[in-house]
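Engineer: Listed here are the chains, written in short residue letters.
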Amino acid sequence: MISQKLNDQITRIGPATPAGEVMRRYWQPAALSDEVVGADPMVPVNLMGERLVLLRDPTGSFVLAERVATADEAPAFHPDRDAIRLVEGGAVYPVIEKKGVFFTYMGPGEAPEFPNFDCFRAPDSHVFAFKGLWECNWLQALEVGIDPAHASFLHRFLQDEDPADSYGKQFRDKAGHTDMPMTQVLREYPRPDIEVEETDFGLKITALRHMANDLTHVRVTNQIFPGAICIPMSREMTITQWHVPVDDQTCYWYTIFTSFAKPVDKELMRNQRLKEHRLPDYAPLKNRENNYHYNPEEQEKLTYTGMGLDINVHDQWAVEGLGPIQDRTREHLGRGDAAIVRYRLMLRKAIKAVETSREDGLLMRDKSAAAIIGPLSNDAITSTGNWLEASRQADMQRRAECPWDASV
Amino acid sequence: MANAQREMPVLPEAWTWIANSSDLDGPRPVIPITIYGQRLVLFRDDEGKLGLIERHCPHRGADMCFGRREDNGLRCPFHGWLFDRNGQCIEQPAEPADSTLYKTIKLPSYPVVEKNGAVMAFLGSGEPPAEDNIA
Amino acid sequence: MQSREPLPEKAESTDLAVWPVDGHTFEDILDGYFPLNESVRQMMARHQFIFMRISILHAPVMNIHGLAPTEPVPLYLRKIYAGMIDSMVITAERSVDGMQMSGSGAWMWVDGTEETQHFPASTRLGEPAFVRGIGIRSMKADDNLTSPANVAILRLDGGIAEESAVANALSRLGWSSGRAWPLETDHAGGIKRSTATDAAHRDASGSRLLINTSEDQLDAKTLELSRLV
Numbered sequence: 001m002i003s004q005k006l007n008d009q010i011t012r013i014g015p016a017t018p019a020g021e022v023m024r025r026y027w028q029p030a031a032l033s034d035e036v037v038g039a040d041p042m043v044p045v046n047l048m049g050e051r052l053v054l055l056r057d058p059t060g061s062f063v064l065a066e067r068v069a070t071a072d073e074a075p076a077f078h079p080d081r082d083a084i085r086l087v088e089g090g091a092v093y094p095v096i097e098k099k100g101v102f103f104t105y106m107g108p109g110e111a112p113e114f115p116n117f118d119c120f121r122a123p124d125s126h127v128f129a130f131k132g133l134w135e136c137n138w139l140q141a142l143e144v145g146i147d148p149a150h151a152s153f154l155h156r157f158l159q160d161e162d163p164a165d166s167y168g169k170q171f172r173d174k175a176g177h178t179d180m181p182m183t184q185v186l187r188e189y190p191r192p193d194i195e196v197e198e199t200d201f202g203l204k205i206t207a208l209r210h211m212a213n214d215l216t217h218v219r220v221t222n223q224i225f226p227g228a229i230c231i232p233m234s235r236e237m238t239i240t241q242w243h244v245p246v247d248d249q250t251c252y253w254y255t256i257f258t259s260f261a262k263p264v265d266k267e268l269m270r271n272q273r274l275k276e277h278r279l280p281d282y283a284p285l286k287n288r289e290n291n292y293h294y295n296p297e298e299q300e301k302l303t304y305t306g307m308g309l310d311i312n313v314h315d316q317w318a319v320e321g322l323g324p325i326q327d328r329t330r331e332h333l334g335r336g337d338a339a340i341v342r343y344r345l346m347l348r349k350a351i352k353a354v355e356t357s358r359e360d361g362l363l364m365r366d367k368s369a370a371a372i373i374g375p376l377s378n379d380a381i382t383s384t385g386n387w388l389e390a391s392r393q394a395d396m397q398r399r400a401e402c403p404w405d406a407s408v
Numbered sequence: 001m002a003n004a005q006r007e008m009p010v011l012p013e014a015w016t017w018i019a020n021s022s023d024l025d026g027p028r029p030v031i032p033i034t035i036y037g038q039r040l041v042l043f044r045d046d047e048g049k050l051g052l053i054e055r056h057c058p059h060r061g062a063d064m065c066f067g068r069r070e071d072n073g074l075r076c077p078f079h080g081w082l083f084d085r086n087g088q089c090i091e092q093p094a095e096p097a098d099s100t101l102y103k104t105i106k107l108p109s110y111p112v113v114e115k116n117g118a119v120m121a122f123l124g125s126g127e128p129p130a131e132d133n134i135a
Numbered sequence: 001m002q003s004r005e006p007l008p009e010k011a012e013s014t015d016l017a018v019w020p021v022d023g024h025t026f027e028d029i030l031d032g033y034f035p036l037n038e039s040v041r042q043m044m045a046r047h048q049f050i051f052m053r054i055s056i057l058h059a060p061v062m063n064i065h066g067l068a069p070t071e072p073v074p075l076y077l078r079k080i081y082a083g084m085i086d087s088m089v090i091t092a093e094r095s096v097d098g099m100q101m102s103g104s105g106a107w108m109w110v111d112g113t114e115e116t117q118h119f120p121a122s123t124r125l126g127e128p129a130f131v132r133g134i135g136i137r138s139m140k141a142d143d144n145l146t147s148p149a150n151v152a153i154l155r156l157d158g159g160i161a162e163e164s165a166v167a168n169a170l171s172r173l174g175w176s177s178g179r180a181w182p183l184e185t186d187h188a189g190g191i192k193r194s195t196a197t198d199a200a201h202r203d204a205s206g207s208r209l210l211i212n213t214s215e216d217q218l219d220a221k222t223l224e225l226s227r228l229v
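Read top to bottom, the protein sequences are chains A, B and C.
Going by UniProt numbering, the first residue of the first sequence is number 1, and it counts up by one from there.
Going by UniProt numbering, the first residue of the second sequence is number 1, and it counts up by one from there.
Going by UniProt numbering, the first residue of the third sequence is number 1, and it counts up by one from there.
If we strip away everything but chain A, and leave its shape as in the complex, we get (with noise of 0.2 Å):
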């Protein structure tokens, strides 16, 4: 339970708002590569409560402009391009392309290094970019993805798919090294242990479920400050995916994901995702209007959610049904949330060092953000007594396996 006044303090992103000078301090994604076309693109792109679009400027490179726009266009609006006006010595923000997706700087100053994570030092053929779009504020978009205590109840299933079919999807694989899937990893052990630690990119996140026979399950996440998460997806690949605001009330998820041994089956992914998103907004087909295809039967039997099988939904209604901004006057975290207190004490810190102009405290904002590499973000099934190690050996091998350089 926080005041408005607190909770306005860290969700609002407009410009000269206190999480919005923290957020525009950071390279943020604009839009994928898939959406740039032909030789003279021009791209709507509404971020951070901006309306711009996304074109070459006369050297040939790409910029974002600000665009004019009326104040009752949809928060995802995208004009046609015969429609679209630049605002005459409106702003204009650098951008650049990294791995399937454009990202930008809004903020003061220089910008700052990327950090070579895995998802940027991957080869093109290692990694695939999709986005979508959900209809509420940023944070709590991105409090959903440091919660790891969700997934045994939010994405719990009543009954275990054929880990043979989980190409592409989140929780379908075998856990760790057994025959164990995933889903029943999380099923059995719903109250995991949480331990959160600050590192120089933002928190690492150990959920440890204590498991029979002296084993535990590690499974390690990551929150990127400001706005973004790596996560396992599979043994194969991770999640990295940012929460990036369009307006107050409105975020797109963008993802990059990035495979170790493998390439992408980039067809495959584009298609399972296209399927449940149209476009050009990339918003999903389930969603409020149609209460996600919910289904009373199907949350008795199969679901815990009666939304299918897509964790995405799931993730959606649950940060959907909080509201367009979740009135933090009412609610109430536990210590199940360490990871979620953990973060908004880094925001409000950096929102402090920002208005004091004491910047030098912030994450990844000199050039030492570009040694970073990892980071390290695995499920393992290990012995109780030697999580720490064997979660890091495992992690190790997946890297020491792969064809492109994921030493860490």
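Hints are computed from structural coordinates only; laboratory data are not their basis.
As the structure is a prediction and not an experimental result, all values here were calculated from the model.
One should not assume that every hint holds.
[What the hints assert, rightly or not] For each label pair, taking beta carbons as the anchor points, the in silico distance ranges come out as:
#1 B:G126 - C:P69: 22 to 30 Å
#2 B:P111 - C:Q117: 44 to 52 Å
#3 C:S164 - A:S357: 36 to 44 Å
#4 A:H210 - C:S226: 28 to 36 Å
#5 C:D97 - A:E113: 53 to 61 Å
#6 C:E224 - B:V113: 54 to 62 Å
#7 A:E113 - C:D186: 23 to 31 Å
[What the hints assert, rightly or not] Computed cross-link-like contacts, SDA-like style, restricted to lysine to any residue with a CA-CA straight-line distance of at most 25 Å:
#8 B:K103 - A:R191
#9 A:K5 - C:A106
#10 C:K221 - A:M346
#11 A:K352 - C:Q117
#12 A:K5 - C:S87
#13 B:K115 - B:D23
#14 B:K115 - B:C65
#15 A:K367 - A:E21
#16 A:K169 - A:K301
#17 A:K301 - B:R85
Note that CB positions come from ideal geometry on N, CA and C, so glycine has one too.
Knowing the structure of chain A, use the given hints to seat chains B and C on it.
Structural biologist: Quick look at chains B and C alone, frame taken from chain A:
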């Protein structure tokens, strides 16, 4: 919508019709009730008794109209918090085992009676009037 | 009111009044929504500490007038209840009738009308709060340490400057570096607004809590803690 200065509407000091018993006839007796600006959820528990409680989970705010009706209460699908028909939180299955946080959590709830196929609620303050007064 | 077991006059094996105790640095999360002293009491019980010094940063709080300590919190937070701890240090000790705590810090209320010098005792955390701290399970000299001591108590006698006493103590403990905080507490004073002169008012003859920051012993928790005021 987020609004800390939510004004409580004036609520009637009499039993008020909110639904018909037949609305709860299906296999999953859980329905949303929006009345006098209150967003509530009405459900029948395993004992056959009705509960009328605030609709959004007090943890993070998930919509419990999609809740799981089980263990003699309504369970939020987000983290499994379980509420009884009086709105008292009785389980937080993802919190550390030693946690007693659930004791501090109680959703607003309203007395409900069924009479002649109608579900009547008392939304007022203090003790509800005698049920005999229900027409 | 004081019920702490009396500190030994001197540790037996040394002529300097410094002795290692069964304690460690730690990180944990205080539960929210209970009155703050109940959240702190629960944390002490979890760790089986008899004494604890914790540091809180940027933590939302609420003070709900007229709400009994054991009552559930109301569902909505009205603005007048809400505030924020900027920073706060709390010391808590187990006592015969439960626990006593005191401390100092900086905090604000959203409506700005309750700028008292004392932090209201009925205040509750508005969300769980991450803390860094030092906890002690026994104040007695711990002769059974299986690994090098990381927490110790130093009694100052006033005849020697604090800096020299601490330096002597570290040398006696075999620590190459350490940090000292005042151990004395004034539970009757509750939690007070910190002032610029707090540090100058350290009791020169009081006791100190020492933690080991020697490089070969330093873990991440201790390092973070040692950076705190």
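Engineer: If a hint holds in the structure, say so; if it doesn't, say that too.
Structural biologist: Comparing the hints with the structure gives:
no. : hint                        : verdict
1   : B:G126 - C:P69: 22 to 30 Å  : holds (24 Å)
2   : B:P111 - C:Q117: 44 to 52 Å : holds (45 Å)
3   : C:S164 - A:S357: 36 to 44 Å : holds (39 Å)
4   : A:H210 - C:S226: 28 to 36 Å : holds (31 Å)
5   : C:D97 - A:E113: 53 to 61 Å  : holds (57 Å)
6   : C:E224 - B:V113: 54 to 62 Å : holds (57 Å)
7   : A:E113 - C:D186: 23 to 31 Å : violated (49 Å)
8   : B:K103 - A:R191             : holds (18 Å)
9   : A:K5 - C:A106               : holds (18 Å)
10  : C:K221 - A:M346             : holds (16 Å)
11  : A:K352 - C:Q117             : holds (24 Å)
12  : A:K5 - C:S87                : holds (19 Å)
13  : B:K115 - B:D23              : holds (14 Å)
14  : B:K115 - B:C65              : holds (24 Å)
15  : A:K367 - A:E21              : holds (20 Å)
16  : A:K169 - A:K301             : holds (21 Å)
17  : A:K301 - B:R85              : holds (24 Å)
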